Amino acid sequence: MAKSKRRSEDGRAKAHARQRERNERAAAERAVLAARQAASKRLDGSTTSGLQRLGELSTRLERLHSEESDILRERDQLIDDLRLLDTSWNLIALRSGVSRQALSKRAR
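Oh and the sequence shown: position 76 is 76 in this note's numbering, straight run, nothing missing.
Derived from the structure by calculation, the hints contain no laboratory data.
It should be emphasised that the depicted structure is a prediction, and the values quoted were computed from it without experimental measurement.
Hints should not be assumed to be uniformly reliable.
As the list claims (entries may be wrong) - Derived CB-CB ranges, DEER-like:
#1 D10 - L51: 34 to 44 Å
#2 R42 - L78: 40 to 50 Å
#3 W89 - T59: 53 to 63 Å
#4 A17 - Q37: 27 to 37 Å
#5 E68 - Q101: 46 to 56 Å
#6 A102 - E21: 24 to 34 Å
#7 R95 - L33: 29 to 39 Å
#8 R83 - S46: 30 to 40 Å
#9 A28 - L78: 29 to 39 Å
Claimed, not checked - With a straight-line Cα cutoff of 20 Å, these simulated EDC-like cross-link-like pairs (lysine to aspartate or glutamate) come out:
#10 K41 - E24
#11 K105 - E74
#12 K14 - E24
#13 K105 - E62
All C-beta atoms, glycine included, are put in the ideal place defined by N, C-alpha and C.
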């Protein structure tokens, strides 16, 4: 009787494991489908419009990076000029909102 009960329990455990695997697989498939639908919605249904938008965003990012570089160069030049006039690192850090250590590393 004990063997029969043990086999029955093993069978139930295996069936439960198979069911759990099926449920997990189905959940993963639903997640993939939902992700594809969300991507399609973001693209307005067209790969071409999505690629066009990607190009526009890339151009904007390049422009922003260029502006950032210009601003950082100007800031670094101002730091150099202020240091030539013996302005303290503490005062420069206070006005810029950047630590003295970071400013001294950025200065040439």
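> In ascending order, which of the hints set out earlier in this document are inconsistent with the structure?
Replying inline: 1, 3, 5, 6, 7, 8, 9, 10 and 13
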